[in-house]
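For the record, the sequence lines run as chains A and B.
For what it's worth, numbering that gives the first Met the number 0 labels the leading residue of the first sequence as 0, then goes sequentially.
For what it's worth, numbering that gives the first Met the number 0 labels the leading residue of the second sequence as 0, then goes sequentially.
Hints in this document: simulated from the structure, not taken from any laboratory.
All values derive from a computational prediction rather than experimental measurement.
Hints are not guaranteed to be accurate.
Stated by the list, open to error - Just a few of them, taken from the derived set where beta-carbon distance is under 8 Å, the chain B residues facing chain A: (1) L354; (2) L685; (3) T688; (4) L704.
Ideal placement from N, C-alpha and C gives every residue a C-beta, glycine not left out.
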Amino acid sequence: MANVVQAKNSAGSDDPILQYVTFRLADETYGINVMQVQEVLRYTEIAPVPGAPSYVLGIINLRGNVVTVIDTRQRFGLMTSEPTDSTRIVIIEVDQQVVGIMVDSVSEVVYLRQSEIETTPNVGNEESAKFIQGVCNKNNQLLILVELNKLMSDEEWAEVAAL
Amino acid sequence: MSFEVDQDILQDFLIEAGEILELLSEQLVDLEQSPDDPDLLNAIFRGFHTVKGGAGFLQLSPLVDCCHVAENVFDTLRKHQRTVTPELMDTVLSALDTVNEMFEEVRSGQMPDNADPELISQLGFFAQPEAAEPVAEPEVAVAQETAVTATAQEAAAAPASAVQDAEGDITDAEFESLLDALHGGGSPTAPQPPVVSAPVASNPAASNSDEITEDEFEALLDQLHGSGKSPTAVSPPDPTVVPGSAVSGSAVPGGDSDLITDDEFEALLDELHGKNGSPVAPSQNEAESNAAPVAPAAPVTPVAVAKPPAAVAQASAAQKKVAPKKEAAPVAETTVRVDTSRLDDIMNMVGELVLVRNRLVRLGGQSSDSEVAKAVSNLDVVTADLQTSVMKTRMQPIKKVFGRFPRVVRDLSRKLKKEISLRLVGEDTDLDKNLVEALADPLVHLVRNAVDHGIEGPEDRERKGKPRVGEVLLSAEQEGDHILLTISDDGAGMNPVVLRNKAVEKGQLDQDAADRLTDQEAFNLIFAAGLSTKDEISDVSGRGVGMDVVKTKISQLNGTINVWSEEGKGSKIIIKVPLTLAIMPTLMVMLGQQTFALPLVNVNEIFQLDISRANIVDGQEVLVIREKTLPLFYLKEWLVKGSDVSRDLKNAHVVVVSVGTQKVGFVVDQLIGQEEVVIKPLGDMLHGTPGMAGATITGDGRIALILDIPGILKHYARSSR
């Protein structure tokens with residue numbers, strides 16, 4: 000908490016600069032820690048897996064490896080939409096497993112100070128709030144930082160385990 | 000309690016000793032069949048010995064003690080001072096079990112507990128010659144004492160072991176352990192010697208360096224010569240040193256020359272051999288029994304009573320000579336130990352290559368360029384060869400599993416008081432390493448079943464006019480890309496009526512359904528969970544879980560299992576498993592826009608059909624084919640969201656798959672063909688999705704899901720009703 004309230008100009012070692020990959024979903028911009036991103040792919044055909052949890056779109060062939068793709072829109076409580084030209088699959092590594100998340104578009108990598116990140120205002124519905132690490136207001140734009148480790152929350156894990 | 004040792008050495012020991020122990024259990028059972036086979040006795044003796052050597056080096060004294068007494072028993076046996084009796088075998092086998100247990104403890108990083116003293120003393124009893132002499136008692140005492148005083152023991156036993164093994168192989172570890180033992184042994188004895196030459200020997204021997212340097216070795220040799228001379232001077236006045244004179248004698252001729260001649264060396268070896276062959280029969284020892292528990296060291300070189308270091312020097316000199324000789328021997332190592340994970344990596348890469356090849360083959364088929372076609376077909380051949388060779392590196396003979404059965408059968412038949420001979424056929428059949436491991440448990444279970452349920456007691460058999468000794472046959476053979484494993488017995492067989500009744504009794508089937516089962520299907524009831532024909536539960540079997548587990552295990556391996564039985568004649572269980580787990584032949588089918596792969600093991604036949612001919616029975620669509628009814632399912636409705644298959648297709652493709660003895664028809668949109676695929680696991684998130692065995696990448700780079708047919712039926716067929 001203290002970090003968040005800290006003055007913005009203290010660029011010391013206790014205020015590290017973090018890099019975030021930003022992507023858009025519907026009308027919002029989200030950011031994920033660059034260290035967790037392996038690569039960004041153009042949309043490729045996703046093979047649906049019958050019987051899989053609803054938030055799993057299917058699997059793709061990533062150079063000979065099978066990677067699960069998560070429907071981020073569904074996860075964030077948004078309407079599903081058809082893939083477009085700018086649709087991307089961001090390959091991320093969470094807890095040593097590689098998964099892909101489908102997003103509307105990927106924009107850039109931004110540099111943020113730890114101190115610039117604020118805790119989540121109580122936005123959105125209950126469910127999505129779980130994945131939000133914090134928000135950041137930069138250039139008059141609200142950036143929502145996603146906590147990937149929680150993207151598949153505990154109960155979902157339980158659901159997966161129970162299958 | 001854990002212990003600190005060099006992990007590399009420990010691993011080497013674990014691997015090597017593990018193999019020896021496996022071999023030992025086979026050899027021990029063989030020994031019962033041919034109790035007088037000297038080669039076998041020697042082999043077992045050496046086996047225990049090598050394990051002891053390694054364990055000694057790692058200072059696993061409980062293991063050393065146990066191996067030591069066992070070794071003594073076989074020493075007595077091979078000198079024909081005792082004959083093999085079932086009691087002896089029981090004891091030795093339980094000693095082997097103890098050793099195995101300790102071994103497991105060591106593997107898990109634990110210091111093993113001491114062996115049951117009763118077992119040790121029993122072994123000690125068997126270790127003494129059968130003709131009980133009046134001195135017998137004290138001898139046993141000595142033997143036991145030596146066994147228990149581990150440290151002294153190690154020092155004593157190790158030098159003996161070196162020369163001993165000169166006959167067989169000296170492994171590095173063993174040699175190390177020897178040196179170590181010598182060093183250890185050198186120091187305690189060092190203070191004693193009154194002879195001038197002794198300190199020279201004890202110094203190098205007691206030095207802490209692992210290797211003996213050239214100089215040291217020279218010194219040792221000199222020492223040996225020196226001692227060779229001196230004992231001759233000493234021995235005449237010492238009457239107890241009768242056997243010693245031989246050693247010293249052999250050394251004497253060389254005493255004048257600078258080098259030991261080969262002959263001399265041989266003689267020396269022989270001499271030492273003869274000596275330590277009987278470190279446990281310390282009969283000459285009585286007179287010098289006050290020579291302390293280090294006794295076994297003493298008899299090796301009688302001179303040692305006077306000058307122990309000389310003995311050490313001799314032994315080490317001899318041994319030092321042996322080692323280089325061994326290494327120089329032309330038996331170059333032809334095998335390399337490779338980490339299995341590395342093999343797995345190679346296997347994966349070859350898998351990728353196969354996929355690329357498939358893709359190229361597909362592309363090559365489209366192009367009209369004959370050069371390309373040639374290159375592609377060349378690649379095709381080479382990849383196929385590469386694939387088989389890589390697969391072969393992972394192959395292991397099924398002997399690894401079969402090897403344990405003689406023991407299992409022997410123990411069980413003794414326990415159940417049955418007479419059973421086990422016949423193994425096709426032990427050299429190779430199959431994938433993972434399969435070998437995975438098959439072990441199911442096979443043990445089936446063999447136990449055959450012994451327990453199958454074979455009747457000897458009296459029973461005689462009454463039925465069968466030979467007293469029942470036979471269990473375990474065979475393995477390769478059939479195309481499959482391995483057939485057969486477990487058959489000539490026992491009582493199964494009664495299908497009893498099975499039907501049991502199934503009804505347990506509420507698994509209603510009477511009508513049970514009556515409709517063919518005998519064949521009734522036999523397959525034994526695989527159902529909770530069904531046991533035994534009314535009593537014993538510790539061998541009868542809980543009715545086993546066969547269910549066997550079946551599950553086998554289907555996990557993409558294998559099938561079938562039972563044949565004839566009452567009064569015996570039963571036969573046939574297991575069919577693929578040669579390898581990594582690559583799977585499949586039938587590719589299309590459902591809508593998506594490709595799915597059906598494991599070819601399950602696929603029985605494919606035909607085209609006018610679906611309107613299907614009937615509906617009890618809400619389930621069925622098909623009559625060759626006067627048999629098949630339930631018919633529409634895979635597309637299960638696996639493709641929001642699809643509905645029209646029921647009046649004139650030319651539907653039906654794939655008949657079998658699950659156990661049950662056959663089911665699947666309607667699919669399109670058949671693509673047979674393809675060998677590499678199974679890719681689904682990620683953690685999708686792991687365990689019902690009906691999905693994994694995924695694979697097709698020749699055109701797309702993904703195909705591999706269906707787990709039993710799983711899919713279980714999940715969807717039930718919910719659709």
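Exercise. Output the numbers, in ascending order, of every earlier hint that fails for this structure.
Key: none
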